[in-house]
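Novice: In case you want the letters, here they are:
There are 2 protein chains.
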Amino acid sequence: MNCGAFQDRKVLITGGLGFIGSNLARRLVDQGAEVTLVDSLLPPCGGNLFNIRGLENRLRVEVLDIRQALQQGVLASDVDYVFNLAGLSSHLDSMTDPAMDLDINCAAQLSLLEAARQTSPDAKIVFASTRQIYGKPDHLPVDEDHPIRPIDVNGIHKAAGESYHLLYHRVYGLRAVALRLTNTYGPRMRVKDARQTFLGVWIGQVLQGRPFELWGGEQLRDFTYVDDVVDALMLAAVEPAVDGGAFNLSGEPVVSLRGLADLLVEASGGSYEVCAFPPERRLIDIGDYYADDRRFRALTGWTPNVPLVAGLERTLGYYRDELANYL
Amino acid sequence: MNCGAFQDRKVLITGGLGFIGSNLARRLVDQGAEVTLVDSLLPPCGGNLFNIRGLENRLRVEVLDIRQALQQGVLASDVDYVFNLAGLSSHLDSMTDPAMDLDINCAAQLSLLEAARQTSPDAKIVFASTRQIYGKPDHLPVDEDHPIRPIDVNGIHKAAGESYHLLYHRVYGLRAVALRLTNTYGPRMRVKDARQTFLGVWIGQVLQGRPFELWGGEQLRDFTYVDDVVDALMLAAVEPAVDGGAFNLSGEPVVSLRGLADLLVEASGGSYEVCAFPPERRLIDIGDYYADDRRFRALTGWTPNVPLVAGLERTLGYYRDELANYL
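Those protein sequence lines, which keep their order, are chains A and B.
Residue 300 in our numbering sits at position 300 of the first sequence; the count goes up by one each step and never skips.
Residue 1198 in our numbering sits at position 198 of the second sequence; the count goes up by one each step and never skips.
Honestly, the hints are just simulated from the structure, not real lab data.
Accuracy of the hints is not assured; some may be wrong.
In silico negatives: residues of chain A with every beta carbon more than 12 Å from chain B [to be verified]: (1) 56; (2) 58; (3) 59; (4) 168; (5) 227; (6) 240.
Stretch by stretch, here's where chain A covers chain B in the computed footprint (C-beta under 8 Å, at least three residues) [claimed, not checked]: (7) 1157-1171; (8) 1210-1219.
Note that the structure is a prediction, hence the values are computed from the model and not measured.
Just so it is clear, CB atoms sit at the ideal spot from N, CA and C, and this is done for glycine as well.
Could you build the full structure based on these sequences and the hints that come with them?
Specialist: Shown next as structure tokens:
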């Protein structure tokens, strides 16, 4: 989208050196926004300075965690938009270090919202939530009325983080909205391990000439290409009708993990091995998932434009050139 | 209940100097349990040393917060039962100091569960959850399948705290169960302010000869007398069929706040003033609530034995003698 809405507007992106944040930053800078990125560059998060290569002189970067950045005044009264993308997304890490997940996905979020209501009550805040809060679906596709029943520590904390945003909207009038992302993929995603999605590590493996591991394979999933997520974030930012709501994003087509593996191998020339599901992951696996995102489409006109095969090709194209910067 | 199940068993009660914890401690000591209480005695919590008057030599008390107490080894491998009642319950405090609510209702809970899975994987853990996690009911009575949609910070954090317990059951096999309490009342409740329930402050006021304030008045509520809650906690502790579940408790009869105010005035001889609902509370008010607790009754045989009028009389009787120790 390019409606001029971001021209000369002050934008703060938390987690801005990460996968989605850096893709969003590129788009906003191109549209004339005055962009500040905050990113802790903590190793388990997705931040990577390479993600903003070429943009260095067109935006401001604060390598700080959110609370330090708030103390430095990044959330001044003239901030127009906050894209609140900072967070941990690894389900397994959240089980081995729940206190760290709590600190980043809850404590830091509360600090941000408290600062917002005190210093920037007019800013629009777009929060990156996750399908993980639903837990194991009762029915498919999952719409926003599906029970919130997370099955790992990360899901519990992301659910709390989303709830804070909706609460601060209702009680304090903050203009906040949450997008419940499904698997997002594309250039600048983390590929050195499975902390963002298993698809990242698959791509990293095939491009290093190694077979990737498919665990199980029958689970159904949906995927959104990062440019489509960036569109959605920007539409959510400018559309008042979504304020106070939480909305699914999805993408087409729904595919089994085995189907995805086959598509990837077809596009990359690599190969994969089928493995049993690791027991520590099986316990927190959500089974099949795909989302009904009609509410968000209806309110904003959003529609994903990059189908899975094209998105995989673009992603592989990026990493063929840049893989060394992501390992 | 007295089935001998607690004779010589090692029991840890967090929040043990508080309202429910101290009533439970009395019962367990009488049944021959070896009881340790942990309580931070933080001012906004319900802890009060007077609550264990006469018991001082029959149990152990650690005036520490949970994490300090864990470092002192209170959760040794031979603990049989943990009644995990420590927590903040004030909705309004959670809005003015969300970080404190997060620390006590989430961070400390995670510490306890991490310690339990590492040092006491066989202990049974009974967690005091709350109806507050449901938010504004969609339908009445509220059963356990009702959506979890908390509308204040306290509700968000208590929902997370409950989810941790159920997760640690599912993933690590901890024998944990959550009881979603509604308004609990009785001797040893906090009466100097409304941090535990509005009924506490009403009782404190009428016994000081001052009219209490009724805000609104039409909201429906249910109440459980503390001895019935103690029964429920002990049944939950000994009944394996409830492990991994979360269960409502209720009580009879359902009554409007005005109806309750009239009952209290009839029993106490006091008076009340009808006031408009304060705006900062209206925003986080849940409206009408009463619970369907048939699942817990069916699995444990629990039934509340003290109806509201009798419970109010007993409570007033206690505070007529002891009010000075609670102001």
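Novice: Does the claim that residue 59(A) lies outside the interface with chain B hold up, using a Cβ gap greater than 12 Å?
Specialist: Non-interface label on residue 59(A) holds, nearest chain B Cβ at 30 Å vs cutoff 12 Å.
Novice: Confirm or reject: residue 168(A) is not an interface residue toward chain B, with every Cβ-Cβ distance exceeding 12 Å.
Specialist: 9 Å, violated
Novice: Could you check that no beta carbon of chain B comes within 12 Å of the beta carbon of residue 227(A)?
Specialist: 33 Å, holds
Novice: Three residues minimum, CB to CB under 8 Å: does the region 1210-1219 of chain B make the cut for coverage by chain A? Let me know.
Specialist: As far as the region 1210-1219 of chain B goes, the hint is violated, because 0 residues have Cβ atoms under 8 Å from chain A.
Novice: Going by Cβ atoms, does residue 56(A) stay more than 12 Å from chain B at every point?
Specialist: Consistent with the label, residue 56(A) stays out of reach of chain B, its closest Cβ about 35 Å off (over 12 Å).
Novice: Compute the least Cβ-Cβ separation between residue 58(A) and chain B, then decide whether it is above 12 Å.
Specialist: The assertion about residue 58(A) holds, with a minimum of 35 Å to chain B.
Novice: Are at least 3 residues of the region 1157-1171 of chain B within less than 8 Å of chain A when you compare beta carbons?
Specialist: Answer holds; 8 residues pass the 8 Å Cβ test.
Novice: Would you say residue 240(A) is clear of chain B, with no C-beta pair closer than or equal to 12 Å?
Specialist: 20 Å, holds
In this structure, the hints that do not hold are numbers 4 and 8, in rising order.
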